[in-house]
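S.K.: Line by line, the protein sequences give chains A and B.
Count the first sequence with my numbering and you get residues 1 to 159, in order.
Count the second sequence with my numbering and you get residues 1 to 774, in order.
It is worth saying that the hints were derived from the structure and are not from the lab.
Treat the numbers as computed from the prediction; the structure is a model and nothing was measured.
There may be inaccurate statements among the hints.
Straight-line alpha carbon distances no greater than 30 angstroms define the calculated DSS-like cross-link-like pairs of lysine-lysine that follow [unchecked claim]:
#1 A/Lys29 x B/Lys75
#2 B/Lys39 x A/Lys10
#3 B/Lys276 x A/Lys17
#4 A/Lys114 x B/Lys39
#5 B/Lys75 x A/Lys2
#6 A/Lys6 x B/Lys39
#7 B/Lys276 x A/Lys29
#8 A/Lys54 x B/Lys39
#9 A/Lys17 x B/Lys429
Stretch by stretch, here's where chain B covers chain A in the computed footprint (C-beta under 8 angstroms, at least three residues) [unchecked claim]:
#10 2-16
#11 23-37
#12 41-52
#13 66-73
#14 109-115
#15 119-129
Which bits of chain B does chain A cover? Going by a derived footprint, with three or more residues having C-beta under 8 angstroms, they are [stated by the list, open to error]:
#16 160-166
#17 301-314
A virtual CB, placed ideally from N, CA and C, is assigned to each residue, including glycine.
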Amino acid sequence: MKVRFKLNGKWVEVDAKPNEILLDTLRLKLGARSVKRGCETAECGACTVLLDGKPVYSCTILTPMVEGREVITVDYLAETGEIQPLMEAFAEHGAVQCGFCTPGFILTAYAFLKQNPRPSEWEVRKAVEGNLCRCTGYQKIIEAILDAAERMRKSNGNK
Amino acid sequence: MPEDPYSLIERWMKARSFLVIGKSVTRADAIEKILGRAKYVEDFLDGALFAKMVLSTEPHARILGIDDSAALRIKGVRRVITARDVPGINEVGYALPDQPLLADKKVRYIGDTVALVVADDFEAALRGAEEVDVKYEPLPHILDPLEAMERTDVLIHEENGSNIAFRTKVRKGDVEEGFSKADVVVENEYRTHRQDHIYLETEAALAVPGLDGRLTVITAAQHPHLAQKIVAKVLGVNWSDIKIIVPYLGGGFGGKDDEGPLVAAKAALAAYLTGKPVFLEYTREESILVHPKRESTIIKYKSGATNDGKLVAAEITIIHDTGAYANRGPFILWRATVHATGPYKVPNVKVDGYAVYTNKVPQGSYRGFGNPSAQFAAESQMDLLAEKLGMDPVEFRLKNLLRPGDDTATGQVLEDSVGIAEALEKLAKVADWKRKRETYGKDTGRFRRGIGVAVAWHGISTSRGVPDWSNAYLKVERDGSVTVHTGIVEIGQGSPNSSHRQIVAEVLGIPPEKVKVVYGTTDAPDTGATHASRGTTVGAIGPFIAAAKVRERLERLASELLHAPVEQIEFVNGIIKVRGTDKQITWEKLIDEAYKRGVEVSATGYFFLPKGKFDDEKGRGFAYPAYSFIAMIAEVEVDTWTGVTRVTRVWPALAAGKIINPQQVEGQIEGAVAQGMGYVLMEQFVFDERGRILNPNLTDYVIPTALDMPQVMKPVYVEDLFKYSPFGAKGVGEMALIPAPAAIANAVAHALGIRFTQLPLTPERILLTLRGEK
Ligand code: FES
Ligand code: FES
Chain A
1 MKVRFKLNGK WVEVDAKPNE ILLDTLRLKL GARSVKRGCE TAECGACTVL
51 LDGKPVYSCT ILTPMVEGRE VITVDYLAET GEIQPLMEAF AEHGAVQCGF
101 CTPGFILTAY AFLKQNPRPS EWEVRKAVEG NLCRCTGYQK IIEAILDAAE
151 RMRKSNGNK
Chain B
1 MPEDPYSLIE RWMKARSFLV IGKSVTRADA IEKILGRAKY VEDFLDGALF
51 AKMVLSTEPH ARILGIDDSA ALRIKGVRRV ITARDVPGIN EVGYALPDQP
101 LLADKKVRYI GDTVALVVAD DFEAALRGAE EVDVKYEPLP HILDPLEAME
151 RTDVLIHEEN GSNIAFRTKV RKGDVEEGFS KADVVVENEY RTHRQDHIYL
201 ETEAALAVPG LDGRLTVITA AQHPHLAQKI VAKVLGVNWS DIKIIVPYLG
251 GGFGGKDDEG PLVAAKAALA AYLTGKPVFL EYTREESILV HPKRESTIIK
301 YKSGATNDGK LVAAEITIIH DTGAYANRGP FILWRATVHA TGPYKVPNVK
351 VDGYAVYTNK VPQGSYRGFG NPSAQFAAES QMDLLAEKLG MDPVEFRLKN
401 LLRPGDDTAT GQVLEDSVGI AEALEKLAKV ADWKRKRETY GKDTGRFRRG
451 IGVAVAWHGI STSRGVPDWS NAYLKVERDG SVTVHTGIVE IGQGSPNSSH
501 RQIVAEVLGI PPEKVKVVYG TTDAPDTGAT HASRGTTVGA IGPFIAAAKV
551 RERLERLASE LLHAPVEQIE FVNGIIKVRG TDKQITWEKL IDEAYKRGVE
601 VSATGYFFLP KGKFDDEKGR GFAYPAYSFI AMIAEVEVDT WTGVTRVTRV
651 WPALAAGKII NPQQVEGQIE GAVAQGMGYV LMEQFVFDER GRILNPNLTD
701 YVIPTALDMP QVMKPVYVED LFKYSPFGAK GVGEMALIPA PAAIANAVAH
751 ALGIRFTQLP LTPERILLTL RGEK
């Protein structure tokens with residue numbers, strides 16, 4: 001069946017099977033390879049995308065369900081520059097090891113910081129609970145997100 | 001001798017001021033990973049056939065026949081591949097020749113690979129795999145290693161004549177005499193369990209025939225040259241006909257050292273037989289069912305000390321449940337056997353190790369490699385002995401820790417690079433150990449605080465005299481940028497993208513941005529595996545020596561150009577100067593001159609690690625060229641109502657030689673603490689009575705999230721330099737995992753006043769024990 005949705009600012013149309021998961025459509029048909037496959041059972045968060053602004057696991061969303069809706073991946077936010085502070089903070093804090101989980105963390109953190117620009121450490125931990133990382137022990141990721149929040153507040157304040 | 005590796009290593013070991021070594025230089029791959037542009041195996045998938053494995057559903061059975069007719073009738077299925085189709089040798093065991101790539105006569109665990117189905121698309125491959133009909137004649141199976149050791153009527157590998165796959169031993173002094181001098185003796189049996197790596201990226205390989213005249217396999221492996229060897233063997237072709245590329249990997253932790261070459265061989269076999277590119281990726285469930293895990297162990301441990309706090313003897317029996325195949329089990333058992341005393345001076349030692357076959361998923365390489373379980377037993381014993389002696393656990397350890405000039409359990413004298421005692425002393429201060437040890441452990445309410453300590457050691461390189469070397473190729477391009485080719489891979493640890501770049505940049509006196517490391521390729525010389533914490537300590541010697549050779553040639557050239565003696569030439573951030581003058585030349589200009597004047601600016605760096613001999617018969621001799629050491633203090637709070645243990649803070653102290661990049665080292669420590677904590681408190685497999693894993697998914701096999709993690713404090717470093725490595729660095733990657741189970745278990749024992757000898761310390765186990773139900 002034909003499914004039309006907005007991907008990273010552009011309308012796209014794909015032929016999808018009724019039981020096709022959005023993760024496969026994005027990775028294999030639309031070339032959005034920043035979305036990673038870690039478990040396909042809604043446990044790891046590597047496949048996180050923003051659906052109408054909210055982080056979701058694309059491995060549990062059937063593609064027909066996104067008809068008419070908006071899907072955003074990290075590629076788009078890099079282009080618009082909106083994740084610049086997160087990007088810098090992750091790199092500088094050493095929050096990246098194998099990097100397989102990283103795009104998912106960036107999307108979850110981005111959506112969370114929009115809602116809560118002044119979070120406590122505990123709130124950040126809670127927000128990324130659904131994203132697994134097996135390499136870093138999370139500490140540097142949490143530090144990076146807290147630092148990114150501060151960078152964002154500063155740059156907003158300067159405007 | 002000009003360009004002699006020993007003198008090059010020595011020259012740079014003397015350096016006292018550094019441009020980039022010891023600094024937290026941001027790794028080269030951070031941004032592309034953050035933006036999701038870094039390519040992992042699946043990201044190369046473009047128009048290939050799909051392969052799917054047919055896995056054994058029997059724990060132990062003879063294969064009577066495989067009927068593929070129904071599978072071949074499915075539209076899109078091209079081929080069903082079984083053991084009979086293997087053109088080369090169907091044998092892939094790393095330590096013993098006991099494991100076929102595709103099961104031939106028998107299957108030995110639920111998850112053994114029986115066949116491969118190759119199809120045009122994933123769905124067809126999946127349906128085809130379901131339709132392959134394997135006829136089994138079930139055989140009695142054994143899951144318990146103690147039972148397997150006793151029985152000879154049921155043999156998992158008939159040709160072996162016993163279910164004991166391998167034995168090891170270490171002997172020193174006379175344990176009976178030692179125990180006769182002991183004032184206190186502690187004897188216990190410890191049990192530890194299997195652990196899965198849960199790298200976020202599962203095993204995958206894409207095999208493409210005919211690219212530049214070779215069969216190219218893009219695979220998730222930790223040693224490209226080993227994958228090359230296995231693929232060539234299975235296909236019956238020359239190694240040079242196979243090219244392996246290891247792109248970015250979504251984690252490895254040892255697991256892809258074992259399974260990486262095998263997934264490569266499976267995809268390569270299918271590509272070879274169909275003549276088409278073939279892609280094979282394990283699902284999470286397949287990954288968990290199939291690939292080898294951290295060893296499960298039974299460790300019987302007896303140790304004794306005198307009233308003045310000196311260890312006198314240790315007698316230890318280690319039994320590893322090696323599962324269906326030996327895999328790397330013998331090497332893992334060696335490591336456990338050699339490290340079983342802990343980093344202590346013990347005059348009388350007897351260690352016996354047994355790796356035993358059972359019909360379960362094999363044991364394999366996992367960060368720590370047999371050592372976390374050994375140190376858990378050793379360090380539990382140390383606490384119990386301290387308690388009997390009425391001594392503080394730190395004080396008791398300090399009385400016995402190895403110091404320079406002491407000999408280890410195998411009788412090897414460690415002349416230098418032994419900084420553990422200093423590390424523990426400093427750590428105890430930083431963590432405020434004394435006060436906490438006295439105050440905690442006295443709570444009587446719902447929440448009970450405890451603090452525990454553990455130390456550990458880990459031999460650098462492979463066990464005993466097994467040869468180990470580093471080899472790499474470096475060239476300075478005409479514009480002054482530098483390309484390094486190495487077989488070391490990027491599994492997340494970052495060595496090619498951080499420490500290698502820093503080391504080469506330091507030696508050449510240029511900014512790290514000028515250095516590009518091409519890693520994970522068989523087109524580089526064999527650099528050895530990215531395992532055993534050797535990525536930097538051994539792996540980087542190759543690039544280091546290559547750079548040091550080029551530097552000497554360039555120093556001579558600069559001395560000519562600037563009319564000054566070589567000793568006065570300095571390389572600083574891309575400027576070559578004569579010390580104390582304003583004479584200088586840029587790096588780019590110098591390189592251009594080198595090209596014009598016939599100075600070679602490419603080099604291979606090669607170093608063969610000097611080692612001694614270990615006598616297997618006597619159980620004595622040389623074990624490792626050096627050891628990395630770590631001390632760890634952990635603070636916990638146990639909820640006696642729910643049984644939940646929360647680790648609140650962890651203090652690490654490393655004696656691992658020169659720290660090349662502190663931020664990367666912290667990352668390794670924090671990640672290892674997470675895996676160690678997960679192992680002790682939550683991660684555990686449930687096997688049914690046929691040895692099937694009942695929880696092969698992340699819902700029921702629970703690993704730590706951001707909410708579970710303790711705060712890992714800044715590490716204490718004691719830089720006890722190692723004489724055969726770049727700048728004196730020793731291994732780091734595995735270190736923090738090794739004492740973590742012991743430190744946390746010791747803290748729980750302190751909190752509750754109850755000693756647990758079996759892991760994991762799940763809420764259920766703690767509650768049952770608290771209620772006295774055990
Ligand atoms: S792949 Fe979707 S949550 Fe793991
Ligand atoms: S960096 Fe490897 S899983 Fe997070």
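S.K.: Which of the listed hints are broken here?
M.R.: 9, 10, 13, 14, 16 and 17
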